[in-house]
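K.L.:
Using the sequences plus the hints, can you model the full thing?
Number of protein chains: 2
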Amino acid sequence: MSLLVVGSLALDTIETPFGKAERTLGGSATFISVSASYFTKPVRLVGVVGGDFPPEEIEFLESREIDLEGLQVKKEGKTFHWHGRYHYDLNTRDSIVTELNVFAEFDPIVPENFAKSRYLCLGNINPELQKKVYLQMKGPDLVVADTMNFWIEGKYDALMDVLQYINVLIINDSEARELSKEYNLLKAARKIQSFGPQVVVIKKGEHGALLFYESEIFFAPAYPLETIYDPTGAGDSFAGGFIGYISKTDDTSYENMKRAVIYGSTIASFCVEKFSIDGIRELTHLEIQDRFNEFKKFSDFQAIELET
Amino acid sequence: MSLLVVGSLALDTIETPFGKAERTLGGSATFISVSASYFTKPVRLVGVVGGDFPPEEIEFLESREIDLEGLQVKKEGKTFHWHGRYHYDLNTRDSIVTELNVFAEFDPIVPENFAKSRYLCLGNINPELQKKVYLQMKGPDLVVADTMNFWIEGKYDALMDVLQYINVLIINDSEARELSKEYNLLKAARKIQSFGPQVVVIKKGEHGALLFYESEIFFAPAYPLETIYDPTGAGDSFAGGFIGYISKTDDTSYENMKRAVIYGSTIASFCVEKFSIDGIRELTHLEIQDRFNEFKKFSDFQAIELET
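Line order of the protein sequences matches chains S and H. Residue numbering for the first sequence is 0 to 307, as defined by numbering that gives the first Met the number 0. Residue numbering for the second sequence is 0 to 307, as defined by numbering that gives the first Met the number 0.
It should be emphasised that the hints constitute simulated quantities derived from the structure, not laboratory data. Possibly wrong hints are sitting among the right ones.
[Said to hold, decoys possible] Here are the simulated DSSO-like cross-link-like pairs (lysine-lysine), alpha carbons at most 27 Å apart as the crow flies:
{"hint": "1", "chain 1": "H", "residue 1": "Lys180", "chain 2": "H", "residue 2": "Lys203"}
{"hint": "2", "chain 1": "H", "residue 1": "Lys186", "chain 2": "S", "residue 2": "Lys296"}
{"hint": "3", "chain 1": "S", "residue 1": "Lys40", "chain 2": "S", "residue 2": "Lys186"}
{"hint": "4", "chain 1": "S", "residue 1": "Lys273", "chain 2": "H", "residue 2": "Lys115"}
{"hint": "5", "chain 1": "H", "residue 1": "Lys19", "chain 2": "S", "residue 2": "Lys296"}
{"hint": "6", "chain 1": "H", "residue 1": "Lys115", "chain 2": "H", "residue 2": "Lys77"}
{"hint": "7", "chain 1": "H", "residue 1": "Lys295", "chain 2": "S", "residue 2": "Lys186"}
{"hint": "8", "chain 1": "S", "residue 1": "Lys273", "chain 2": "S", "residue 2": "Lys137"}
{"hint": "9", "chain 1": "S", "residue 1": "Lys257", "chain 2": "H", "residue 2": "Lys295"}
{"hint": "10", "chain 1": "H", "residue 1": "Lys130", "chain 2": "H", "residue 2": "Lys77"}
P.N.:
Have a look at this one:
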């Protein structure tokens with residue numbers, strides 16, 4: 000089924016204890032659309048880049064069959080640039096440089112061809128723009144969105160407003176706590192559901208993810224990695240794998256969303272194994288399926304009734 | 000099958016944001032043996048208390064059919080007393096008072112009747128005493144042990160020594176990191192396995208538990224609780240449920256140890272729902288089985304091959 004992705008495209012400079020990558024391909028829309036492209040077609044992208052955006056990265060996105068009709072290229076401007084440095088535990092990072100550049104004036108326009116996309120994934124951007132995109136759509140079946148502390152703190156009312164239109168909110172544990180003002184994640188999820196989304200996915204990094212689907216709860220394991228090279232894009236890869244799988248199967252049932260969470264976790268686990276987007280540039284269906292099956296193995300056990 | 004438990008018996012004063020309990024029943028051997036008693040008989044206890052240990056708590060332990068032949072009662076002394084205060088997030092706590100009392104001179108003697116117990120659970124005590132208990136046994140089939148940062152820091156060599164005799168080490172994530180000097184829990188577990196134990200269980204509180212069984216890894220969910228009243232004894236209840244189930248089934252295979260981890264998590268989840276040991280004083284087999292089945296539900300999903 001058709002999927003529309005909106006978000007940022009960036010050139011990131013990333014430092015981790017394991018190395019440094021300069022001006023590599025980044026941005027939420029990039030990670031989401033590349034991840035989703037392993038599952039579903041067409042993936043349609045709405046975003047903005049500057050004249051410095053490398054032509055070979057345009058070619059790469061096209062090679063993933065991502066439809067770039069909605070990509071605005073501002074030749075006179077520069078692409079959004081973020082420079083981050085991760086600490087030793089890779090859970091905390093400092094933003095050294097954040098240059099919004101052409102992203103500061105981003106006015107997302109959904110091409111006529113894209114407006115009937117059945118699935119919509121709103122990457123982590125200003126909630127006012129998320130709503131603007133939604134209102135240009137002709138009634139998508141499912142709207143998935145991400146947000147972050149920056150918008151919870153700076154655009155709370157706009158975020159609460161756009162949450163009305165969102166079916167699945169995917170956020171991390173600290174964001175869930177901040178948005179709900181509840182420490183306990185169960186209470187946090189229930190409160191966020193009361194804001195609009197019927198489904199809340201809380202990502203907990205190395206501790207896996209929780210899927211709250213109406214009154215149900217599913218506990219997804221994390222893939223046990225000995226070394227994480229670069230966490231950049233892990234959350235967006237998760238969202239892309241999640242919505243890509245749902246779009247492919249065209250099934251929003253609880254049972255299928257559980258699998259979507261595992262596919263999201265699968266793509267995210269590939270993402271963090273290499274720098275920047277390199278971990279998900281070239282995956283095979285076999286690699287994805289094998290790792291999905293490992294997730295099953297890690298969490299599977301057979302219940303036997305206790306004899307008394 | 001027969002199970003021997005050694006560890007502390009205490010009178011705890013506990014403060015949490017939800018209330019306070021004064022001089023209530025505590026101690027690692029208490030939580031372990033009571034938890035195990037829901038699965039297996041006989042549970043045999045080796046420990047020490049003072050003349051102030053309430054007779055009604057002796058009766059309670061006897062009502063759980065725990066064999067107290069190895070319980071030393073030092074009438075002239077006082078029972079180990081700990082006074083702790085939990086912070087709002089319940090993950091951190093301050094020790095206000097720690098009075099070892101009769102526990103300071105604890106010299107564990109395994110009665111002749113107990114020496115042939117098939118299963119041995121060494122609660123969190125001085126590793127020199129853990130070894131002393133082990134050496135009094137006549138070749139138990141499986142030795143499970145717990146330890147803590149206090150012994151890792153203060154008795155490292157003795158701990159490394161006793162690890163040779165231990166088949167299953169159950170510790171929490173921060174202890175695993177400290178013992179192995181590895182941040183990554185996968186690397187930490189592998190290193191701890193190289194110290195002796197073939198099996199390492201890492202407890203991660205609200206994030207569940209990891210079972211490392213030889214080269215296998217199992218990811219157990221946590222029970223999603225809206226309110227945790229008192230985390231005291233959760234780790235010991237986990238260990239008691241774990242070894243109690245293994246002792247009952249007399250099966251140390253990987254498949255069965257996965258179930259043991261879930262039963263451990265089950266008993267721990269009951270433990271934290273009330274103050275002190277009250278959450279596990281009176282459980283029914285039906286309650287235990289129902290909650291075990293909920294764990295299954297929380298982590299179960301059906302894998303479907305990805306069509307390409």
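K.L.:
Now, for every hint given, state plainly whether the structure supports it.
P.N.:
Results for each hint:
Of the supplied pair hints, the one linking H/Lys180 and H/Lys203 holds, its CA atoms being roughly 17 Å apart against a limit of 27 Å. Distance hint between H/Lys186 and S/Lys296 is fulfilled; the C-alpha atoms sit about 20 Å from each other, no more than 27 Å. For the given pair, S/Lys40 sits about 37 Å from S/Lys186 by alpha-carbon distance, which is inconsistent with the 27 Å threshold. For a cut-off of 27 Å, the pair hint linking S/Lys273 to H/Lys115 is broken: about 53 Å separates their Cα positions.
Distance restraint check for H/Lys19 and S/Lys296: the Cα-Cα separation of roughly 42 Å exceeds the 27 Å cut-off, and the hinted pair is therefore not satisfied. Among the hinted pairs, H/Lys115 with H/Lys77 is inconsistent with the structure: their alpha-carbon atoms are about 31 Å apart, more than 27 Å. A hinted pair counts as satisfied when its Cα atoms are at most 27 Å apart, and H/Lys295 with S/Lys186 qualifies at roughly 21 Å. For the suggested pair S/Lys273 and S/Lys137, the alpha carbons sit about 38 Å apart, so the restraint of at most 27 Å is broken.
Restraint check for S/Lys257 and H/Lys295: the C-alpha separation of about 14 Å stays at or below 27 Å, so the hint holds. Annotation: proposed proximity of H/Lys130 to H/Lys77 holds, straight-line Cα distance about 25 Å (limit 27 Å).
Going down the numbered hints, you'll see the structure goes against 3, 4, 5, 6 and 8, while the others check out.
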